[in-house]
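J.: For this one, chain W is given, so just place chain U on it according to the hints.
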Amino acid sequence: MNDSQEQLVSEPRKVGYVWIVYLLLYAVAVPWYWPEGYRGPLVLGFPLWVAVSLGAVLLLAAWTAFVIRRYWINAEEEE
Amino acid sequence: MGGMVFGPGALIAVGLYLVSMIGVGWIARTRRRSNSMADFYLAGRSMGLLVLFLTLYATQYSGNTLFGYTGTAYRIGFGWTASVLFMFSVIVGYMLFAPRLVTLARKEGFITPGDYITHRFRSSVLTLLSTILMIYALGNYALAQLKAMGAAVEGITDGAVPGSYGIIGLAVIMVIYETLGGMRSVAWTDMMQGGVLLLGFGILVFIIPQKLGGGLGHVVAQLSEMDPSKVQAPSLEGANKWISYVLLLGCGAAIYPQAIQRLYASRSVAVLKRSLTLMAFMPLTTTLVALVCGLTAVVVLPDLNLTKAESDQVLARLCALVMGESALGYWLVVAIFAAVLAALMSTADSALLSISSMFTKDIYLPYFRPQATEAELTKVGKICSWVIVAVLVAVAIGTDATLVRLLELKFEVLIQVVPCFFLGLYWKRLSARTALAGMVCGLAVALGLTFGGKPMIWGFHAGVIGLVVNAAVCAIGACCKPATSD
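Chains W and U, in that order, are what the protein sequence lines are. Numbering-wise, the numbering used here comes out as the position in the first sequence, counting from 1, plus 173. Numbering-wise, the numbering used here comes out as the position in the second sequence, counting from 1, plus 5.
Worth flagging that the hints you see were computed from the coordinates, not collected in a lab. Keep in mind the model is a prediction, meaning the values are calculated, not measured. Treat the hints loosely; a few may be bogus.
Claimed, not checked - Derived CB-CB ranges, DEER-like:
id	chain 1	residue 1	chain 2	residue 2	range
1	U	Ser240	W	Pro214	17 to 25 Å
2	W	Val188	U	Leu241	30 to 38 Å
3	W	Pro208	U	Ile32	57 to 65 Å
4	W	Val182	U	Ala477	30 to 38 Å
Even for Gly, the Cβ is constructed at its ideal location relative to N, Cα and C.
Okay, chain W solo, but in the shape it has when bound (with noise of 0.2 Å):
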């Protein structure tokens, strides 16, 4: 494991505020904190609380997209 360790330059696993900005955004993806049967305003077509998760599954995959660019580094790249 330690010569992988040394190929590997950085990996997102190891940056801890990468996990605390998935959190913060699955905790507004999941509809936990929508009062029981809220529909809301319609929002592109979808239901209020519907357009919020999707929007933060939008914003997941750009964060995840931006993790993978700058925190997964492997030797064989910098080389």
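T.: Quick look at chain U alone, frame taken from chain W:
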């Protein structure tokens, strides 16, 4: 398939599409570089961005995404937005272990997930149990695809071709191109199938809600009047179910053996990173479309029976409506049907190839022929593919269960291998004995609850509860008894 019957022209087009798969398999065979397992099962670790992305996409999004997910959206409404989140979560699952596993795999030359478990834990029992669990789960998954293939063929020929013949015919095509070129032909056909699948979802999102439902806003307004519960936010237990699905899929689907082997097969880490970046956005173009189609069906086809088997037919019934409207609609539905076959076959062939590699490398080699050459192992793998297909076809023809049920049972089992990857890669103190104890306990809890009539508790799947027990045993064991070696 809900009255969706194709004419001779469409059947010939679909037939040519299927036969072209064998052509692709033949071309893949001519491109092989050696008669080695790495070449046959990992395409010589040479997959570029387009092939890797589309094979990951076609493998991850199965026939269940098209049929099962539209059916579930029809039954439960916007609550199934959970599917968009949990399919995205698979990529987060990769973030937790893929960087280190891929680095290790490229250094050590892993072929199967079992190679990593053997390398990390040096325990033949743990590797064997993990391999059996993964083969069981994948077999179940391939079985669901085969059964759906039979239903699809029976539907488009209006019963003229029985489902069993459809299963046999498509399975034979699949195993032929797989035997010809291994992962290379599976990945190349996946590339075609992934392209067709993307096109199919593009057509679906364009025609179903707009043409049949009068636009999404109109569909939601109608739904609010017909069945308000389908547009309302879920209860706390419903939200728990979202979290459970995120854990079940985010952990389980990330360690699909066929997905792990695709991580191994990338040409470079840079290519893999770009593929996973694209995959992070795919739920919004795929699962979200299935959700919207299922909701449109509630308005357009309000009188369907709400059983799983009946609601899994909603997509086919919607397509039948589009077919009847115009010649353009007819051919668009032919393209969608090709996408359905693409989704089913690309998932089944990947599972099949993965089972074949695990049996050959992790069972046949250590237990039956330790001195076997690479050429012999590749040959055994090909024979194994035919035997597995024969067994699965026999089971698919002789049993009856719905797609979603099979999917759930698969994850209950597969997810118990997760700690070996998520914890094993980072925690040196996790020994083989502890990991094995955790796996056995997790499995006992998951299966005990499932067969004891409690597949869910407070919205959490039995497999997820089993995984929590599994991880707890691993944590306690590792803290109490440090491993003597890494």
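J.: Look at the Cβ atoms of Ser240/U and Pro214/W and judge whether their distance stays inside 17 to 25 Å.
T.: Distance hint for Ser240/U, Pro214/W holds at roughly 21 Å.
J.: Does the Cβ distance between Pro208/W and Ile32/U fall inside 57 to 65 Å?
T.: Distance hint for Pro208/W, Ile32/U holds at roughly 58 Å.
J.: Using the beta carbons of Val182/W and Ala477/U, state whether their distance is inside 30 to 38 Å or not.
T.: 33 Å Cβ-Cβ, so the 30 to 38 Å window holds.
J.: Using the Cβ atoms, figure out if Val188/W sits within 30 to 38 Å of Leu241/U.
T.: Since Val188/W and Leu241/U have Cβ atoms about 32 Å apart, the given range 30 to 38 Å holds.
Every hint, counting from the list given before, is met by this structure.
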